Every structure is written in C-alpha cells, then in structure tokens.
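Protein chains in written order, with numbering that gives the first Met the number 0: chain A, 0 to 289; chain B, 0 to 289; chain C, 0 to 384; chain D, 0 to 384.
Since the hints were made in silico from the structure, they are not lab data. Any given hint could turn out to be false.
Partner residues are not named here, just some residues of chain D that face chain B (Cβ under 10 Å, in silico) [unchecked claim]:
| id | residue |
| --- | --- |
| 1 | A145 |
| 2 | F146 |
| 3 | Q152 |
Lysine to aspartate or glutamate pairs mimicking EDC-like chemistry, simulated, CA-CA at most 16 Å apart [claimed, not checked]:
| id | chain 1 | residue 1 | chain 2 | residue 2 |
| --- | --- | --- | --- | --- |
| 4 | C | K113 | B | E212 |
| 5 | B | K109 | C | D143 |
| 6 | D | K239 | D | E332 |
| 7 | B | K109 | D | D143 |
| 8 | A | K42 | C | E224 |
| 9 | B | K109 | C | E132 |
| 10 | A | K146 | A | E195 |
| 11 | C | K289 | C | E329 |
| 12 | A | K109 | C | D143 |
| 13 | A | K146 | A | D5 |
| 14 | B | K146 | B | D226 |
| 15 | A | K109 | B | E113 |
| 16 | C | K113 | C | D179 |
| 17 | D | K113 | A | E212 |
| 18 | D | K325 | D | E351 |
| 19 | A | K109 | D | E111 |
| 20 | A | K146 | A | E199 |
| 21 | D | K3 | D | E201 |
| 22 | C | K3 | C | D188 |
| 23 | B | K42 | D | D159 |
| 24 | B | K109 | A | E113 |
| 25 | B | K42 | D | D163 |
| 26 | B | K146 | B | D5 |
| 27 | D | K164 | D | D200 |
| 28 | D | K289 | A | E19 |
| 29 | C | K289 | B | E19 |
| 30 | C | K113 | B | E113 |
| 31 | B | K146 | B | D197 |
| 32 | A | K109 | D | D143 |
| 33 | D | K164 | D | D188 |
| 34 | A | K109 | D | D108 |
| 35 | C | K339 | C | E381 |
| 36 | D | K113 | A | E113 |
| 37 | D | K3 | D | D188 |
| 38 | B | K146 | B | E195 |
| 39 | B | K109 | C | D108 |
| 40 | A | K42 | C | D108 |
No experiment lies behind these values; they were computed from the predicted model shown. All C-beta atoms, glycine included, are put in the ideal place defined by N, C-alpha and C.
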Amino acid sequence: MSVLVDDDTRVVVQGITGGEGKFHAEQMMEYGTNVVAGAVPGKGGQEAAGVPVYDTVHEAVEEENADTSVIFVPPAFAGDAIFEALDSNLDLAVAITEGIPTQDMAKVNKRLSETDTRLVGPNCPGLITPGEAKLGILPGNIFSEGKVGLVSRSGTLTYQVVDNLTNRGIGQTTAIGIGGDPIIGTDFVDALELFENDDETEAIVMCGEIGGEDEEEAAAFIDEHVDTPVAGFIAGRTAPPGKRMGHAGAIVSGSGTGTAESKISALNDAGVPVGDTPEEVADHIEEFIA
Amino acid sequence: MSVLVDDDTRVVVQGITGGEGKFHAEQMMEYGTNVVAGAVPGKGGQEAAGVPVYDTVHEAVEEENADTSVIFVPPAFAGDAIFEALDSNLDLAVAITEGIPTQDMAKVNKRLSETDTRLVGPNCPGLITPGEAKLGILPGNIFSEGKVGLVSRSGTLTYQVVDNLTNRGIGQTTAIGIGGDPIIGTDFVDALELFENDDETEAIVMCGEIGGEDEEEAAAFIDEHVDTPVAGFIAGRTAPPGKRMGHAGAIVSGSGTGTAESKISALNDAGVPVGDTPEEVADHIEEFIA
Amino acid sequence: MAMKLHEYQAKQVFADAGVPTPSSQLASDVDGVLTAAEEIGYPVAVKAQVQVGGRGKAGGIELVENDEEAREAAESIIGMDLKGYHVGQVLVEEAVNFTDELYVGITMDRGEGKPVAMVSTKGGVNIEEVAEEDPDAIAREHIDPAFGMHPFQARKAVYDAGVDKSVANDVASVLTTLYDLWESRDGSDAEINPLMVTADDEVIAADAVMNIDEDALFRQPELAEMEEEAASGGDELEQKADEYGFDYVRLEGNVGIIGNGAGLVMTTLDLVDYYGGEPANFLDVGGGAKAARIANALDMVFSDDNVDSVVFNIFGGITRGDEVAKGINEALEQFDEIPKPVVVRLAGTNWEEGMEILNEDLVTVEQTLEDAVERTVAYAEEVNE
Amino acid sequence: MAMKLHEYQAKQVFADAGVPTPSSQLASDVDGVLTAAEEIGYPVAVKAQVQVGGRGKAGGIELVENDEEAREAAESIIGMDLKGYHVGQVLVEEAVNFTDELYVGITMDRGEGKPVAMVSTKGGVNIEEVAEEDPDAIAREHIDPAFGMHPFQARKAVYDAGVDKSVANDVASVLTTLYDLWESRDGSDAEINPLMVTADDEVIAADAVMNIDEDALFRQPELAEMEEEAASGGDELEQKADEYGFDYVRLEGNVGIIGNGAGLVMTTLDLVDYYGGEPANFLDVGGGAKAARIANALDMVFSDDNVDSVVFNIFGGITRGDEVAKGINEALEQFDEIPKPVVVRLAGTNWEEGMEILNEDLVTVEQTLEDAVERTVAYAEEVNE
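If we strip away everything but chain A, and leave its shape as in the complex, we get (with noise of 0.2 Å):
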C-alpha cells in the first residue's frame, strides 16, 4: 500500500506544451507513472509527450478518466489551473507552480473547503510512491520501496533526508512536498493522518522548518492521534529573528511561536524525537523500524 498515488493514478498534466510541463511529464512516465492526458487551452487536438491534450481538465477526465491533475501552469495563470482542477472531480491535485499570488492562493483555500479533491502544494515538489509513480519534479532515482512515509515542507531538503535513508537501505511507502507557502493544501496533519492510516508504513519522517504554527499543529495531532513512531527535522534553528530565508513561511515571529525552539520542543513533547542533522534523523528512524 502507499498514500495518494501508485500505479493505478491515472494523471492529467495541466500545462504539458511548456517546457517544464512536457519534460517532467516525460520524467514521469519514464518512472512509470501513467500519464493518460494533458490539458492546454487551445492546444486541445495536440499531443505531447505522447499522449493527447485537451482544451480543458474536464475533457481529459471525461476521455481519459483522468483521476489526478499535476499543474505546471505559469504563476499569472496556476490559481485559475487549480480552480480547473478542483471542479472537474478529480481525487487529487498537485501544484507544482511557485511563485502563485497569496490571494489567489486564499480564494483556492476557500474553494478547497467546499470540494472533496486534495490539492498538494502549491510550490512543491510533488510527491511519489517508490517503484510505482511519481506526480511532480522529484528525482525519482535517489527514492526506493520501503517502509517509511515521509512529508516535508521543503524541496531539496526532503532529497536529502530520502538520500540518508535510501544509502541505509531503509526504504520509503510514500513521500510527500507539501510546500513552503503560507497557504497550501495538504499540511502536516492531513498527511500524518494518511501515514497512520496506511497498513505498510512503519515510520514517518516529516521535515519542518521555522515560521507559522504547522509544526506546532502536527505535534498535537501525533500526540492525540498518531501511534506510527515519527522522526522530526527542523530547518532553521540558526535563522536570525526577523530575517526572510527564502519560503514566505519561513519568517520567525520573534514570539513564543515559529521558533525553531517552539516546533522541537512541541515535538518532543509529543514523543517525536528532532534529529539534529540528517543523519540523525535517519538514525532514529532505523531505530524504529529494526
């Protein structure tokens, strides 16, 4: 088993006539993730990475049963793609795009409440089940099939934690970028409840960072809800309050809350020990799982 995506996702890519749309749709059938359609305005009739495009998400899913988007829908134009998305009854939609205004990003968040698709990201790096498919811009090459889930709020950083584990042979169900903006859609919590939830994991990494309460959230809800044994990670505890360190999130309140010091000690608090580098994370993780 796995989380959100495996082989049978079948994946409309909206998006797919520009550059970085039709190459990680290729990059994502090359992995094996069964990329059925794309979706372009006007492009409807076209094919792309081998597989035909359509006007709208709509008709990729009504000829396609496309039942998964991923976005790759330049900035100006990706709230309107996701509101697409999540009016066409897929399962799941994956926004890749960063960079997407915040009050477009609220109106999605409103529109998120009243539908029952899951948006993840935006400004992710998509998620994948090893061996199986991939829906994003991960490379898949540094992933392999095992037992721990993984949810992260950075990019790079979640290779890097992957990396630790995957040289240690320990292996992954399914790992997930939900993304650094201020305003996404699956978070911390939706994620962890979908790991605990899920009959092969046997251990969760989730890799946080400074700013906003989510990590602080994530603790309370692992505490009340979760029995899968959880690893932490917190980029960050060097940031200087007040200081903007790329992610929007990423801004330290000065405050009780946001700190580096906040999201550990809230994790330890609900038994989830804080590696103090990569490593360490993956060291408890082996704990776990010997």
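Since the structure of chain A is already known, use the hints to place chains B, C and D on it.
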C-alpha cells in the same frame, strides 16, 4: 408542537429603530413574541419598543441570548443585515424586506449553504405559531391554534386562505410565508419537511403561484417523503404567458414548466388536491382532519 | 423585475467595456438616417429601437444599400407601431459580413439560485427555440456569485459549445466581460445575439440586450438615467402605472381588478375567470397603501375604456382597511354619477374601521372574496346585455 | 515575500482611495524641507523615508515649530544612517492635533488561510507589543476572501474594539477602504498606525504601511514602478542579491553558504553552527540554476569580506550537477589564486556528470553534507588561527 417559532423563541429585531421595525416589534410583542433586543449600527445603548438596542447582532446574541432575528432593514442594506444574522449563530433569520437586489440574494444563497442558520424570506410576511409567537408582519388576529401547517409564497393570499380556515374553526400549527422572490431561503420542500416531522401538524396547505419550478419540486418531494395530507392552491391560472404579475417569480416561461397547469398537474399526480378557489382548499382540509 | 435598456444603450455599455460593436448612430428622422448612413458607409442596417423581441420579422429592421433604400426604410420604420410600441428612434448601423453567428448570455438561474453563463454556436435566431428544440446546443456554466466567473469557466463554456478554436479566446473574453458587466451593473440578463464571427476571425456584437434588476437601480445611477429614455413607448395605461409605481398589466377583458399582494390579485383574476368573467387588468397596490394611492388605483382602472365593473379586494396586513376606505371615498366622491359599478371587499387589519368609513352609497360591499368577484362579474354582464 | 512601499508612497495610495491623510511634501534637502514647511505651515513633522520600524526612537522623526528647528531636523535626518539604511528623503507633514490614536490593519492570517481585519484603540505604539501583552485590545475579524469584507464586519471590528461612537462610522469606512486596497492591490499588509482622531471627531492617517505580495507585482504595474524607488537603501550585498534574484540574507559569521532550496540552505546554516562555525550568509540559488547563476552566487559570497571559507551544497532535483560544476569552474578559473577555500558537495540529478566536469584543483570535494560542512568550518578556523 409547532415549527421554527414558539413562545421560547428569543427575537432580536434588526432595524428596530426604523418606523416599520419599531411598529412591528411592538405588534410582535403584543401578540406574545419574546422580543429581547434590537440591533442597529450606531444605536447601541438606546432603547426601542421597550427593549435594549445593540450595535451588532452578535452583541444581542451575547447579551440577550437571542436565537432568532427578524429583519426590517431597507433593501440597500438588507443583504448585509442577512449576512450579519447568518454570522451570529442564530437558529433562524426572517427577512421581511422587499426589493433586495437579486445579486445580493445570490450571494446570501451561497452563504446559506455554509451555515446552520435557517433563513425565511426575504420579501415575505414572516411566520406565526398561533397563540404563541409571530415573527414578521402577519395580522395575528386572523390566525387560530390548531393542526394545519401552512406554507405560501404570497402574503395576502396566505391571509385569505387562513381566514377561510379560521372561519370554519380550523386552526393552524404554524404558518410560514416563504416569500415570492426569485431567490429565497426556506422553500416549499424545506417547509413541507418541517411540517411532516411535526407531530401536531395533521394536514398541510401549500399555496403556490405561477413561475419557477418550486411547486413541481415540492410535488415530487410530497410524492416521496410526505405522509401528512396536503391540499394545494395555485394563483395565476389566468395569467397570460410572458406577462409579469408582481413577483419576479411569477413569470410564465411559455413552455412546459412554470405554468399553473404544470404545477396543478404535478401536485395532482402527487396525490395533492388543488382547489379552484380558496374555499375549496378549506373544503379539502376539512375532509383531511374530519 | 427588470429595466430593459434599448439596443443602442446596451451596445454603448458593452462597447465602453471593450466588447467590439459595429459603428452606429442613433437617428430620429429621415435626414438623420441619411446623414448617419453616409458617415458609416453603405450597406447599413436601420433598426427600430423598441424593447420587443422579433423586430426583424415585424418589419422593424431593414438592410439598405443606398440613400434611396435608406430613405424608404427610415420612412417606414420611424413612427411605426411595432407590436404596440411606437418607434421614435432607429439605430443606423454598419452592416457586418459574417461567417458565423454565436450566442453568449448571462442570466440568473432562479432554480439554482446562481448566475449561469451560456454559449451557443446557434446564434442569430430565437435562442428560446434552440433551448427548447436542441437544449444541448447551448453550453451552460453555473457561476459561484461569491467568486465570480473563473477564467477557466469562460473557456469551458466556449469549448463545450463547440466554438471554433480560431475565435475561442476572443469569445471567452467577450463572455468574461459580459459577466463582469452583468455583475457590476446588477444585470438580470446580459446577452449578445448574434455575436457575429467575420471572415477574418473577428467577433462583433451585432445585437445587445442588457436588462437591469430594478431593485438595484438605486446603486446604478448611470443606468437609472438611461431608464428615463428607455421607458418611452408601451401601453399608455402601463406607462401611467409605472408613474404611480403600481404593478399593473393590461389584459383583454372587462372586469377591472384592484387588490393588494401579487398572489391575492392573481387569485382574484382567477376567480373572475372561474365565475365566467374576463379580467381587464392586474393591479397590485402593494403593501401599506395609503388613501391617495388607493384613489390613484381606482382612477387608473376607470380610465380603461374596456372596464365595465371593478372589484376591490383588500386583505389587510400592513395595509389598513380605514386607509383603503378613505381612498375609495375620495376617488368616488368627485363623480356626480359613479362611472362603473365598484364592488368592495375588505378583510384583515382595521376592516371594521374601514367598513364604518366606507360610503356604501357609492359602492357595493361583499363579505367574502368569492361573493365580491361573483357580484362584479354579474355587474359586467349586465352592462353588456 | 513582500515589497514594502515607503510611507509617502503608501499614503499616496491611501489618499487616492479616499482615506484622509495630513498634507505633506517629499523633500531631499534642507531647502526643500524649509519650502515644504512654509507651504504646509508650522508645526510640521520631518520624517525619514526608510522602511524600518521604530524610526521615531532612532531619531528619524522630528516635530518642528519654526524654520530654525526645521533646518536642524533636516540636517540631522537627511543623509543619516538609520538602522543600516541611508536616509535620502524625508516627508514634511502637517502636524495633527489628536485626542486618540487608533490602529487599523489588514493582513493574511496564514494559520487560517484567510485575510484578517484588525482594529485597536491602542494605536500609536508598537502594535506587536500590544498584541503580545494585551491581545484582547485588538479586535480581529476574519474575512472570507471569496466574498470580501462585508460592511457588517467592518462595523463589528470597530465596535468590538471599543472605538468611540462619534467616529465609529468613519473608522469602519477607512477599514473598508483599506480592505479594498489590500485586496485590489495584492497587499500582504495594509496598516494605518496611528489613525488619529482629532478634537472635532475627524480621523486621519498619520502613518501608512502598504506591503505588496511580490508574487503579484506582475499584475500591479503602478506599484511595481514604485518598487524602483522603494528598493533604494539597504545592505549593498543584499541589493546585489536583489539584482541577481537570489534569496540572500547577510549574517554575522565567516562561513559562506550557497545551496539550492530554502530548507536545505537553512539546514546547511544549522550544520555550520552544529560543527562550531558561524554562518556568514544565507544564499539560495533557487531551482534549476544554470552555470552563470552559480558563478554569480560564488561571486557574491566572495565579495563579502567577512567570509573565510565557502560551502557549496547542491542536491539536484531540477538543478543539474553538471551545470553547477560548470558554474563553479567558470567562477574560479578567472582567479590566479582562489581567494577563499571552497568545499563542494554535489548530489542528486547528474551529480556524477558534475563530478567529472568539476575542476578539483580549485575546490575541495566532499560526498556528504555533514563532511562538507565540517571541512568548511575547519577551513574558516584555519584562516583565523
């Protein structure tokens, strides 16, 4: 028993310092309604109709435990007043105001799908549980306590039918004027469901009129879900197609649905006798509860 | 209810928002038409500016190639009576060469309680017929009024309708503009039919419908001004009712009807029919009418030559029986002889006070609706015997 | 991230939308200040136009009564270094007599994923302190972004905050305008602190904050133009990073850090600290960087005199190891002697290709993140021995 309103209902009147608001607040109290507060922006701290006025509905709820609002706010501000009521954790809001722009009501309609507060109206006379309480502008003296539930799109037509019933000694559990606007809160189906689930209601009168398809939908609902006997009346049999007669709802589309014939035959098919005159409606009800 | 803009007004509103429209000029006499045609360049269409459908079939639209034809068209159209409406103005408009005629429209779907955008490739004809005979030929997209129309929805409607790719973007953009106008101007309907497609893949609004929610005119001052112009034309009595602020519809019969509340007035009409009479009108005085308003209503119905008798049916809620009685007295006491028999039935709020005030020498009083209608129908029959 | 408007720019935006603001003029020299003060009339405030908080305490705001004081204030403020920012311009502004100072603001509540409107009667001081010490003194109203702020919500926030009835309507109206601006201009924060209340119950925006979502600047061309002006000031290296388009933060230490992806770069900083070193900077080259961009990054870190050694940590996803290696070679091959030791760790996409290309004479290569950081910290220590 009764539906939606009884002598425990705690009413806040929005617009209580206006002419109509004050007059009808007094009329309601005279009838026995438990009016506990008024809400008028900027008039907080004053008193009107003998009850304290608050700046916001929220305050009236907090301070006086109001659970129901009756709205007498001019049409330009009534949409906002309804939004305020729907934001205040009330059980029920009754909008009497006529002439609210349709687009305002479309937005209200959207919000209704997100809240547990019920709306009756707008552009309606309100509702009454005879002998207990009335919400709105219905002339209390024509109603009498009894076992007939009444729901109607039209104000004065309601009075006419109630008068016919009362004159024969047939009383009412509750009478609900749902209003004749294109977009309303509580519709026939909602009201029928309430009466069907009310132990004391032994028969139902449903007064419809031409335009829209609400009566057809109500007929389908009665067919499937209503065991309580229903008698119907449809105004507008002689209205020529394409002519507007008052209510925006009363536009005959010229084709299949929306006409008096369509509505009457749908009701007949659902086992609902439709009177040719208000007196005939009373005849049917008399038979039902004989 | 809706305030209907004239074609030329709606086109101005659309053009101001960036929708391509043909060049055109308004004219109210033959010289005006000739000057306009000259400036625009033949061929031009001469189009009667009245708010009724089917102007073309009724002779209200002519395509002309030269001065002579233009003069003929102007003479025949200006001043004509078109389905009861006097034609005072015509729009002289550039004739567009088209390869396709589309339909785009926004309206409120009352059943869903939300706006709906519609697109069809079967424009240029009566869209109601298309809706009836081939409903799938119209693509429909419901709009969430809190969000407004998402761009993908405009595209989806256009692609679903099967609009050719060469103009799909432009049509989607017109539809988006149309929605924005509909929303910001409190439209009840906004339509372009036909939206013409030219040989070089341009789209152009060859007709324009914009109806405004009358309840929202208070916040649409520009459009409220247009209403002054738009209101011209129509039945004289209906114009008078407009001035008085009555909901009034003139009908074919001879039994005049006055009441309060649309449902009750419609019921009174139905009862007139039930008792063998023919309603002359629908007149709703609305809620809370005072004496003067009641008198105006009676005055209106009396001015209708077709009316032989009048039934006055008031069930008071916020309308008070004493005010009604005063108004009836006022209206009737000015006559030496009552022109048409009036039957009055008062019920509800203050009906007893009303009965005391009412001058029963001038009217016939009945206690029930049924009796009042039956008596009025009988009076009308007597007149015609 | 947010683009911050200067006070004078934000005030202009607010004033254009109808928010009352004091009369004011921008000046960049002493004469300009005197002329402005003359025209406005004493007393005036002379306010440094730099985007940092606490300008008053830092000596960036002076209230002056006459020419002499104005000259002194202008001379002391113009050209001063205010918390690292050069003051090039001052706003000369009418001094407002106030009886109360309120706070009104709109921002995005990230936790709720929706906008929030805030009102407090404790304006005029650091609102963050109020938020911490007396959170109930700030009334908060969350806004549904699909509907926008309902009028009742503006009123509710104002009444909940305890704003005096005499100005409640005006404050609600300012709050509504502020929300509309925040929404239509893609604000991240829009604030007025203080919103002054005068003795005759007028409200006036004595300060103005307007931060714009940088991701939305593409659809805010007017504000993007203001950014040109607003961007002036700040650390030289940070300005350079802005030009290059890097996410860059300068820190106090001596270990230079370059990497891809915010989380991984922050982790690299944390590891530098973990191994006993001190990070000199945060530099994220972003995703998919090509060789030239990599070379720019190295150039930037080299230009920081504090830097003694550099760790280059790339985990390729869409960034390719071969491009990174090319960029490093390009940057380093121009030196006769490498100015500061560079440790490189490449992983992920095309890392083997990268290792082949990389000129290992110029850099130290490590296989793991931990080893790379440890080595770099050691190099930095060597320099300082």
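Now for the hints, and whether the structure bears them out:
Given hint, A145 (chain D) at the interface with chain B, holds; its Cβ is 8 Å from that chain's nearest Cβ, closer than 10 Å. The restraint placing F146 (chain D) at the interface with chain B holds, with a minimum CB-CB distance near 7 Å, inside the 10 Å limit. With a least beta-carbon distance of about 8 Å to chain B, the hint placing Q152 (chain D) at the interface is held under the 10 Å criterion. Note on K113 (chain C) and E212 (chain B): the hinted pairing holds, with a Cα-Cα distance of about 15 Å set against a maximum of 16 Å.
For the hint linking K109 (chain B) to D143 (chain C), the alpha-carbon distance of about 8 Å falls within 16 Å, and the restraint holds. A distance of roughly 22 Å separates the Cα atoms of K239 (chain D) and E332 (chain D); the hinted pair therefore is violated under the 16 Å criterion. For the hint linking K109 (chain B) to D143 (chain D), the alpha-carbon distance of about 12 Å falls within 16 Å, and the restraint holds. For a cut-off of 16 Å, the pair hint linking K42 (chain A) to E224 (chain C) is broken: about 45 Å separates their Cα positions.
Annotation: proposed proximity of K109 (chain B) to E132 (chain C) is violated, straight-line Cα distance about 32 Å (limit 16 Å). Distance hint between K146 (chain A) and E195 (chain A) is fulfilled; the C-alpha atoms sit about 12 Å from each other, no more than 16 Å. A threshold of 16 Å between alpha carbons decides the hint, and for K289 (chain C) with E329 (chain C) the separation of about 12 Å falls inside it, so the pair holds. Restraint check for K109 (chain A) and D143 (chain C): satisfied, since their Cα atoms lie roughly 12 Å apart, inside the 16 Å limit.
A threshold of 16 Å between alpha carbons decides the hint, and for K146 (chain A) with D5 (chain A) the separation of about 15 Å falls inside it, so the pair holds. Restraint check: the Cα-Cα separation between K146 (chain B) and D226 (chain B) comes to about 15 Å, which is no more than 16 Å; the hinted pair holds. At most 16 Å may separate the alpha-carbon atoms for a hinted pair to count; K109 (chain A) and E113 (chain B) meet this at roughly 11 Å. With a C-alpha separation of about 15 Å, the suggested pair K113 (chain C) and D179 (chain C) falls inside the 16 Å cut-off, and the hint holds.
With a C-alpha separation of about 15 Å, the suggested pair K113 (chain D) and E212 (chain A) falls inside the 16 Å cut-off, and the hint holds. The straight-line distance between the Cα atoms of K325 (chain D) and E351 (chain D) is roughly 13 Å, inside the 16 Å bound, and the hint therefore holds. Proximity of K109 (chain A) to E111 (chain D) is assessed by CA-CA distance (about 10 Å); at most 16 Å being required, the pair is judged to hold. Annotation: proposed proximity of K146 (chain A) to E199 (chain A) holds, straight-line Cα distance about 6 Å (limit 16 Å).
Only pairs whose Cα atoms come within 16 Å are accepted, and K3 (chain D) paired with E201 (chain D) is rejected, the gap being roughly 28 Å. Taking the CA atoms of K3 (chain C) and D188 (chain C), the gap is near 9 Å; set against the 16 Å cutoff, the hint holds. Straight-line distance between C-alpha atoms of K42 (chain B) and D159 (chain D) comes to about 14 Å, which keeps the hinted pair within the 16 Å bound. For the proposed pair K109 (chain B) and E113 (chain A), the alpha carbon gap of about 11 Å is at most 16 Å, so the pair holds.
About 12 Å separates the Cα atoms of K42 (chain B) and D163 (chain D), which keeps this hinted pair within 16 Å; it holds. For a cut-off of 16 Å, the pair hint linking K146 (chain B) to D5 (chain B) stands: about 15 Å separates their Cα positions. The straight-line distance between the Cα atoms of K164 (chain D) and D200 (chain D) is roughly 10 Å, inside the 16 Å bound, and the hint therefore holds. Of the pairs offered as hints, the one joining K289 (chain D) and E19 (chain A) holds, with about 15 Å between alpha carbons and a cut-off of 16 Å not exceeded.
Annotation: proposed proximity of K289 (chain C) to E19 (chain B) holds, straight-line Cα distance about 15 Å (limit 16 Å). Only pairs whose Cα atoms come within 16 Å are accepted, and K113 (chain C) paired with E113 (chain B) is accepted, the gap being roughly 15 Å. Simply put, K146 (chain B) and D197 (chain B) have alpha-carbon atoms about 10 Å apart, close enough for the 16 Å limit, and the pair holds. In summary, the hint linking K109 (chain A) to D143 (chain D) is supported, as the alpha carbons are separated by about 8 Å, within the 16 Å threshold.
Using a Cα cut-off of 16 Å, the hinted pair K164 (chain D) and D188 (chain D) is violated, with the two alpha carbons roughly 27 Å apart. The hinted pair formed by K109 (chain A) and D108 (chain D) meets the criterion: a straight-line CA distance of about 13 Å does not exceed 16 Å. About 11 Å separates the Cα atoms of K339 (chain C) and E381 (chain C), which keeps this hinted pair within 16 Å; it holds. Simply put, K113 (chain D) and E113 (chain A) have alpha-carbon atoms about 15 Å apart, close enough for the 16 Å limit, and the pair holds.
Proposed proximity of K3 (chain D) and D188 (chain D) is supported: the alpha carbons are some 9 Å apart, at most 16 Å. Proposed proximity of K146 (chain B) and E195 (chain B) is supported: the alpha carbons are some 12 Å apart, at most 16 Å. Between the alpha carbons of K109 (chain B) and D108 (chain C) the distance comes to roughly 13 Å, so the proposed pair stays at or under 16 Å and holds. As the CA atoms of K42 (chain A) and D108 (chain C) are separated by approximately 31 Å, the hinted pair breaks the 16 Å bound.
Hints 6, 8, 9, 21, 33 and 40 from the earlier list are contradicted by this structure; the remaining hints agree with it.
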